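Participant: Could you put together the complete structure from these sequences and hints?
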Amino acid sequence: MAWFHAIRERLGGMFRGGARDRALAEEIRHHLELETARQIERGHPPERARALARARFGNPEWVSEDTRDERGIPLARGIGNDLRWAIRSLRKQPGFTALALFTLALGIGVTTAAFAVLDTVLLRPLPYAESGRLVVIRERAVDRSVMFPSYPNFADWRERTRSFDGVASWQTFPRSQTVSVGTERLRVVSLGVSRRFFEVLGVRPFLGRTFTDLENALGGPPVVMVSHAFWATQMAGRTPLGSIDLGATSAEVVGVLPPGFEFLGKTELFLPHERGPGTVRNAHNYIVIARLAPNTPLQTAQTEMTVLSQSLLAVHGSATQAVDADVQPLREYLVGSYRTLLAVVFGAAALVLLIACTNLVSAQLARGLTRGRDVAIRTALGAPRFRLVRQLAVESTVLTGGGTILGIALALAVVRTVRLFGSALVPRLGELAVDFRTLAFAALVAVITMGFVGFYPALRLAGGNIIDTLRGVRGPGLVVRTVVWRMLVGFQVAIAVVLVVGSALLIRTLGNIMSADTGLNVRGVATANYIPRDLQPQEFERIRTELAAIPGVTGAALANRLPFAWSSYSAPVRRPGDPGDRDWPALAGFRVVSPEYFGVLEQPILKGRGFTPDDRAVSQPVAIITPGIAEQLWPGEDPIGKQISSNYMFDRWLTVVGVAAEASHWSMARGGQNEIFAPLAQAPQEARFQLTALLRTRGEPRALLPAVRARFRQAAPDLPVQLGILEDVIERSAADRRFAMLALTLFGSVALLLAGVGIYGVMSYTVAVRSQEIGVRMALGATPWAVQAQILRRALFMAAGGVAAGTLAGLFATRYLQSILYGVTRLDPAVFAASGGILLLTALLGAYLPARRSSRIDPLTTIRAD
Amino acid sequence: MTKPEGELLPGTFELLLLKALSLGAMHGWGIAERIERLSAGVFAVQQGAVYPALQRLLNRGLVTAEWRITEKSRRARYYRLTVAGRRHLEAETAWWRRATGGMSRVLRAAEQES
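In order, the protein sequence lines correspond to chains H and E. Note that our numbering has the first sequence beginning at 29, numbered continuously upward. Note that our numbering has the second sequence beginning at 25, numbered continuously upward.
There are no misleading hints in this set.
The calculated label-pair distances, taken between Cβ atoms and stated as ranges, are: (1) E89/H x R61/E: 23 to 31 Å; (2) A471/H x L62/E: 55 to 63 Å; (3) R76/H x T124/E: 34 to 42 Å; (4) G48/E x E89/H: 25 to 33 Å.
Just some of the chain H residues that point at chain E, by a computed CB distance under 10 Å: (5) L52; (6) A81; (7) T95; (8) R99.
Keep in mind the hints are simulated off the structure, nothing from the lab. Computed from a prediction, not measured in an experiment: that's the story for all the values here. A virtual CB, placed ideally from N, CA and C, is assigned to each residue, including glycine.
Facilitator: Printed below as a string of structure tokens:
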């Protein structure tokens with residue numbers, strides 16, 4: 029009947045596990061009571077008797093574990109028991125478990141989020157049909173620099189090219205403008221687009237139709253297309269679509285774009301830009317988009333465009349500044365400059381994950397060491413070694429699984445935050461989402477992590493010499509193991525050094541960018557941009573005086589555009605006697621300003637005079653130039669009193685009355701920003717189709733914006749106005765760097781934290797293992813300070829190795845940052861020294877608690893302990 | 025490498041348990057105590073080790089267990105040899121006798137020759 033017993037026992041083990049566990053617990057409790065009683069009989073005090081009974085019994089946890097393992101059916105117990113065992117053992121060490129989960133979640137979450145960003149911005153195709161065939165075409169100037177095309181050039185390209193299935197254009201940047209739907213006034217983002225723009229993109233309207241060629245032509249009727257979101261919310265999803273008020277006119281809504289369609293961010297209105305008068309051939313206001321004909325290589329299109337540009341140049345001469353054209357894929361145009369940046373961010377995230385894994389491996393090794401004896405006993409008593417390995421591996425799997433789930437939750441939170449704040453810094457981040465690809469990536473990361481964190485320590489542990497551990501040998505075996513561990517921690521330190529160096533280089537880059545000399549004072553200037561329509565000069569002056577009277581505003585000036593803005597396009601400049609067709613002696617940007625401009629911006633007049641209210645429409649036409657023009661046109665001569673002209677905006681001769689310092693920010697070529705200033709009062713109408721008031725403020729300009737808006741409404745109730753801060757222009761120009769800096773600083777901090785924890789762990793263990801030795805030293809008269817110093821020295825020594833390795837790695841790794849640094853070399857010694865110092869300090873902090881513990885060791889207790 | 029004292033050969037522990045139980049039904053602590061006493065302290069295993077081993081014997085039907093009340097009127101789980109257990113013990117004992125007898129004869133002979 030033996031088989032019957034066996035089956036009953038095993039089945040019972042499966043189905044009545046809970047009751048049996050309680051019974052076993054009672055048995056063990058009873059056993060300990062009996063043993064304690066016997067020890068008391070032998071004359072031990074109760075406290076000591078309990079301890080002795082416990083020592084003779086062994087670890088009750090392992091005993092019940094092994095007993096339970098003998099019950100049940102092998103296959104079922106393999107899955108169920110190991111899982112239960114893992115969860116129970118993790119719950120019994122909440123500190124370790126929380127730290128491990130936190131570390132894993134951080135590593136996996138950060139890497140997953142970084143992948144989502146990389147994937148969205150760089151890897152995923154643009155959300156347009158056959159987007160690989162979409163290209164952007166721009167003009168090249170005589171100095172090979174790339175410029176936005178002019179309308180007439182675009183029109184010629186559209187007509188005369190063969191390599192494309194369609195050529196369209198949009199108006200450089202989306203604009204902010206005010207519209208009314210019913211009685212509600214709204215500020216929206218609009219973009220002017222050419223004929224067949226949506227056809228080239230391959231987008232079909234959700235409702236209605238796209239613009240007809242007649243609508244998108246000079247003198248066409250006012251029409252507009254709206255985004256799906258605008259239609260659904262602002263227009264309450266109405267049909268028929270009706271019309272909306274654009275301020276000057278009422279425009280018929282002819283179509284609604286499909287949901288989710290985005291172009292250059294969340295543009296809400298699309299207007300036909302070909303209704304306006306086609307401007308001159310060197311007004312660079314458009315970007316040309318084209319769809320390559322099937323099976324046409326980019327190179328063919330490029331060659332055709334080069335030939336076409338040359339023939340246009342032959343016909344139009346200096347009327348066009350385009351000597352060549354540049355064709356590049358649309359995706360490259362939109363995100364190409366972010367490739368290095370995002371690769372750096374992703375690499376940094378992967379390093380954080382690596383540190384997190386290292387930390388867990390060392391934590392598992394540490395737990396393995398303290399468990400070594402238990403494991404050895406159980407192995408000796410018949411628990412198969414394979415099962416112990418499996419249990420540890422299952423424990424790691426449970427940890428990694430939990431960490432992955434938390435990590436994905438973290439990635440979701442990070443992705444949401446990045447989408448909110450990052451869409452202003454990096455294009456396409458508005459589309460950012462955690463999708464199937466991201467989850468698949470997270471799963472892959474989890475599997476790799478599991479292999480690294482789970483199986484290595486388990487195998488290592490089980491491979492140890494059982495007999496030695498059983499007999500409590502604390503000889504070479506243990507020393508070897510902490511060497512591996514200390515190498516892991518040194519490795520962490522090295523990675524942290526690399527990340528801290530990277531973040532320090534970027535912090536310095538941003539500092540340099542924000543404090544770089546721009547030739548004028550950008551701090552404390554509020555801006556108010558408006559379209560004056562057909563206002564007379566007296567009207568501008570009235571608005572300017574009103575704004576200047578706002579409390580807190582110390583000066584107000586007007587200009588046709590912000591400093592730095594649009595300086596990338598230049599018009600040719602002539603002296604009297606220059607032929608004026610192809611051979612331009614200088615190129616310059618034109619800026620039309622009020623007399624207060626140089627004073628308000630603190631842009632120095634180096635020679636001659638600034639403008640005064642006496643420079644009127646009827647007085648002598650005057651100009652102020654930057655030193656570069658003087659140098660190119662009249663080298664070695666005094667430019668004051670000389671005459672210049674241009675075929676752009678000014679068709680008469682201007683007399684130079686002054687030289688102003690050049691204004692350029694960090695990303696613009698220093699010494700290459702030629703500008704010609706002319707008085708607003710003397711400027712032709714077309715030069716002031718929009719104006720910006722620049723207000724020098726006392727204190728923080730942002731605080732004054734509400735007052736500026738209120739005053740502007742009073743002064744000009746029907747003009748839409750857009751407010752801003754001049755300094756933001758510089759900040760926006762460095763948005764990509766800021767994104768990288770924030771990411772690297774975040775990762776660097778996490779790396780520091782984890783390295784600190786790693787050092788704390790290994791030093792705590794060292795102190796625990798060496799407590800005997802330390803006790804003996806203290807018994808022999810070592811001072812607590814000497815004991816502490818020894819521990820701190822060991823930590824420093826370990827960290828110093830990591831710092832050295834990290835510095836070496838940094839010398840190579842910073843190569844990838846080279847192209848995004850400004851004003852600091854990638855091998856900046858101060859940055860490397862400071863980063864190394866920070867890590868050493870972290871090591872001291874991490875070792876401080878264990879060191880303090882070491883000096884409190886009681887010599888007597890530790891010597892007795894064995 | 026010297027052999028540590030008190031180390032058990034594989035499989036011997038269960039034999040010791042069966043032997044201890046052949047003196048009558050007993051609970052876990054009593055069994056551990058009997059083994060220590062019978063072996064005069066040579067086999068110093070951790071007492072907790074009896075429980076997984078007893079469970080293995082239960083699985084093989086060599087012992088049974090039931091809850092009884094001790095002399096001190098406390099509930100305890102008593103283990104008892106089954107018929108199969110007694111037969112197994114006898115067979116194992118006979119084998120051990122033969123094996124150790126043969127082994128010691130060989131060792132004695134070796135001593136005399138050297």
